[in-house]
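Take the sequences, apply the hints, and build the full model.
2 protein chains.
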Amino acid sequence: MRNIAMIVSYDGTNYSGFQSQPGCLTIQGELEKALFVLTGQHIRVNGSGRTDAGVHAKGQVINFRTDCGIPVERFALAINARLPGDIVVQSVYEAPQEFHARHDPKSKTYRYSILCSRFADVFRRKYELHHPTPLDFAAMAKGLEHLIGEHDFSSFASPKSTKSSHVRTIYECRLEVETLLPFEDTDAWRYPGKQRGRIHLYVKGNGFLYNMVRIIAATVILIGEGKLSPSDMARILVAKDRSQAAPTAAPHALSLWALDYGEVFGDKPETPDEA
Amino acid sequence: MRNIAMIVSYDGTNYSGFQSQPGCLTIQGELEKALFVLTGQHIRVNGSGRTDAGVHAKGQVINFRTDCGIPVERFALAINARLPGDIVVQSVYEAPQEFHARHDPKSKTYRYSILCSRFADVFRRKYELHHPTPLDFAAMAKGLEHLIGEHDFSSFASPKSTKSSHVRTIYECRLEVETLLPFEDTDAWRYPGKQRGRIHLYVKGNGFLYNMVRIIAATVILIGEGKLSPSDMARILVAKDRSQAAPTAAPHALSLWALDYGEVFGDKPETPDEA
Chain C
1 MRNIAMIVSY DGTNYSGFQS QPGCLTIQGE LEKALFVLTG QHIRVNGSGR
51 TDAGVHAKGQ VINFRTDCGI PVERFALAIN ARLPGDIVVQ SVYEAPQEFH
101 ARHDPKSKTY RYSILCSRFA DVFRRKYELH HPTPLDFAAM AKGLEHLIGE
151 HDFSSFASPK STKSSHVRTI YECRLEVETL LPFEDTDAWR YPGKQRGRIH
201 LYVKGNGFLY NMVRIIAATV ILIGEGKLSP SDMARILVAK DRSQAAPTAA
251 PHALSLWALD YGEVFGDKPE TPDEA
Chain W
1 MRNIAMIVSY DGTNYSGFQS QPGCLTIQGE LEKALFVLTG QHIRVNGSGR
51 TDAGVHAKGQ VINFRTDCGI PVERFALAIN ARLPGDIVVQ SVYEAPQEFH
101 ARHDPKSKTY RYSILCSRFA DVFRRKYELH HPTPLDFAAM AKGLEHLIGE
151 HDFSSFASPK STKSSHVRTI YECRLEVETL LPFEDTDAWR YPGKQRGRIH
201 LYVKGNGFLY NMVRIIAATV ILIGEGKLSP SDMARILVAK DRSQAAPTAA
251 PHALSLWALD YGEVFGDKPE TPDEA
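Just so you know, the protein sequences line up as chains C and W, in that order.
Per full-length UniProt numbering, the first sequence starts with residue 1, numbered consecutively.
Per full-length UniProt numbering, the second sequence starts with residue 1, numbered consecutively.
Hints are computed from structural coordinates only; laboratory data are not their basis.
Among the clues, some could well be false.
One copy or two, it doesn't matter: identical chains are merged, so the pair holds either way.
Okay, derived cross-link-like pairs now, BS3-like style, lysine-lysine, Cα gap no bigger than 27 Å in a straight line [stated by the list, open to error]:
id, residue 1, residue 2
1, Lys163, Lys204
2, Lys33, Lys126
3, Lys58, Lys126
4, Lys142, Lys204
5, Lys106, Lys163
6, Lys58, Lys194
7, Lys194, Lys106
8, Lys33, Lys240
9, Lys33, Lys106
10, Lys163, Lys33
11, Lys33, Lys58
12, Lys163, Lys58
Structure, rendered in structure tokens:
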């Protein structure tokens, strides 16, 4: 049996999340349906992890076993032709037999996007949180630094979390300013030290608890608003108490950005299949 | 009576175009509905021009007359609260009495966006054309130069055009490369002189014929594919024959980008209304 791995991007807007659920539209369900149409086989797909309803992915990784003969360099084009437009397979690999998308990642990166502007951007409204008042980007960046390292993230986990340990290691936790938006003249004095612009919060770690990035995002927004100070992030972290952090931020601004499996695929990307 | 002008952005995906049509969902219809809910008045809106079904706008301009007392600095927030999420008023001006959105623009700019990559970007698929094989960006840019100036654009007008003259002046016609995408090793030799990446075609002129930008976009893609040479653009232009140019490109990659009315509003943007 071959072990096929795929990098999959999807717009999660219209889905009840990654994982198959009876009676729900899911990413996994659509992938398995397309694989059935393509191969005639009932194939079970493993994802690197679930994403919640409304959450997107730029680089979700899945794997599955099959004895179908479709060459790896033709697989992406063939499956994309059978998937809805909001799910796109970006690359396909012949994975080692022992590879399993869920068990093997060295790290996962999530991105949470915020547009801090007077009015929403109609073209990105489904992929970013609109925050109408300015935020202190520098304070937010400072607050995020406290999360780097190995910590018990109980304060940033949904009470629905079923994990026995809440200890995770965060390798990277940073704010990227994509664009700064100008203030109007009459406006700046109201918001000393604050900015408007499009920002992204990247969090890279060895694992994540349920709702963890969305709770971090909501808490760092409170820092940006001046309702919390950067050092409050450290205080909230050591409290190990969910009620100390902010309520969970909206799902539509979150994307599973990238996964790192080290050298497992070698460095052989799929060769292109255009003629 | 006040004369109110607004800059409006919209995602045209779910609309039958800008202009009101009985039984159709239109941008004008939604704006007039929101103005009715807000003011209790049946207000007729003038747009700078129609946009076709599926075409977007970053900076459409509209104006309308009203005796409602809503201050200009509160108007955007008030109307946005009554509009669907895919139509967003970006700014509101108290316009001079003689201002009319359709009659007054000095220039209009359209943008046509193309993602030249193996697979589509799920997050921008509704706003750009996906072109799977590489294109010669330099040849495309060269071809576009032939369109700058005053010309008869009959070759680039839908036969449905009802305009008596097809002479228009194009001030700017250029290709912007937003990002270049890397080629894989095995790939580059197949496409000498061609690139992959996200590109935008900007066309700025004193007026446009029906489907003009979409026909220009489709023709310049043929140049990028090597099926036409840059100088063919000049040949097609002088032919004044629609059948010489390429079939009309898809509407979803086109946006009405900006309008220039000169100094008509002075330089007073709406003051922000956050507290």
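Exercise for review: Since the copies are identical, ignore which copy is meant and state whether Lys163 and Lys33 lie within 27 Å (CA to CA) inside a copy, between copies, both or neither.
Suggested key: The answer is neither: 30 Å in one copy and 50 Å across copies each exceed 27 Å.
Point to revise | Same-copy or cross-copy closeness of Lys33 to Lys126 [CA-CA at most 27 Å] | key: both (25 Å within a copy, 24 Å between copies)
Review point. From the Cα coordinates, with 27 Å as the cut-off, is the pair Lys106 and Lys163 best called within, between, both, or neither?
Key: within (19 Å within a copy, 63 Å between copies)
Check your understanding: Using 27 Å as the alpha-carbon threshold, which applies to Lys163 and Lys204: within, between, both, or neither?
Key -> within (19 Å within a copy, 57 Å between copies)
Practice item. If the cutoff is 27 Å on CA atoms, where do Lys33 and Lys58 land: within, between, both or neither? Let me know, please. Key: Within one copy only: 21 Å inside, 37 Å across.
Exercise for review: Pop the pair Lys58 and Lys194 into one bin, within, between, both or neither, using alpha-carbon distances up to 27 Å.
Suggested key: between (30 Å within a copy, 26 Å between copies)
Check your understanding: Taking 27 Å as the upper bound on the Cα-Cα distance, should Lys33 and Lys106 be classified as within, between, both, or neither?
Key -> neither (29 Å within a copy, 53 Å between copies)
Practice item. Can you give me the call for Lys142 and Lys204, within, between, both or neither, at a CA distance of at most 27 Å? Key: within (16 Å within a copy, 44 Å between copies)
Practice item. Can you give me the call for Lys58 and Lys126, within, between, both or neither, at a CA distance of at most 27 Å? Key: both (14 Å within a copy, 16 Å between copies)
Practice item. Could you figure out if Lys163 and Lys58 sit no more than 27 Å apart (CA to CA) within one copy, between two copies, both or neither? Key: Only inside one copy: Lys163 and Lys58 sit 26 Å apart there, 45 Å across copies, limit 27 Å.
Practice item. Pop the pair Lys194 and Lys106 into one bin, within, between, both or neither, using alpha-carbon distances up to 27 Å. Key: neither (36 Å within a copy, 36 Å between copies)
Practice item. Could you figure out if Lys33 and Lys240 sit no more than 27 Å apart (CA to CA) within one copy, between two copies, both or neither? Key: neither (42 Å within a copy, 50 Å between copies)
The earlier numbered hints that this structure contradicts are 7, 8, 9 and 10.
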